[in-house]
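Engineer: Sequence:
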Amino acid sequence: MVDNLESNYDCSNAGGDLQELQQQLAGVQTTELDEQSQQTVNRLENQIRFIKNKCDIRP
1 MVDNLESNYD
11 CSNAGGDLQE
21 LQQQLAGVQT
31 TELDEQSQQT
41 VNRLENQIRF
51 IKNKCDIRP
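Note that the sequence shown covers residues 1 to 59 in the working numbering.
No lab work stands behind these hints: they were computed from the structure. For clarity, every value in this text was computed on a predicted model and none was experimentally measured. Misleading hints may appear alongside valid ones.
[What the hints assert, rightly or not] Label-pair distances were calculated between CB atoms; the ranges are:
1) G16 - R58: 29 to 39 Å
2) E32 - N8: 36 to 46 Å
3) P59 - L5: 16 to 26 Å
4) D56 - Q36: 27 to 37 Å
5) F50 - Q29: 13 to 23 Å
Backbone N, C-alpha and C define an ideal beta-carbon position, used for all residues, glycine too.
Generate the whole structure from the sequences, applying the supplied hints.
Structural biologist: Quick look at the structure:
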């Protein structure tokens with residue numbers, strides 16, 4: 001799992017990391033989220049955006 005992303009992130013790992021993060025995000029998202037689940041969703045979305053921006057990956 002990608003827990004701590006930093007500016008020296010290795011983009012060669014982006015494909016696998018993005019897939020893992022997106023699977024985790026899909027598993028957490030439900031119709032009603034409690035506060036902790038919402039924080040997890042926010043963290044995962046932020047990590048996905050970081051990798052896409054850092055590695056210049058477009059949707």
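Engineer: For each hint given before, does the structure comply? Return the numbers of the non-compliant ones in rising order.
Structural biologist: 1
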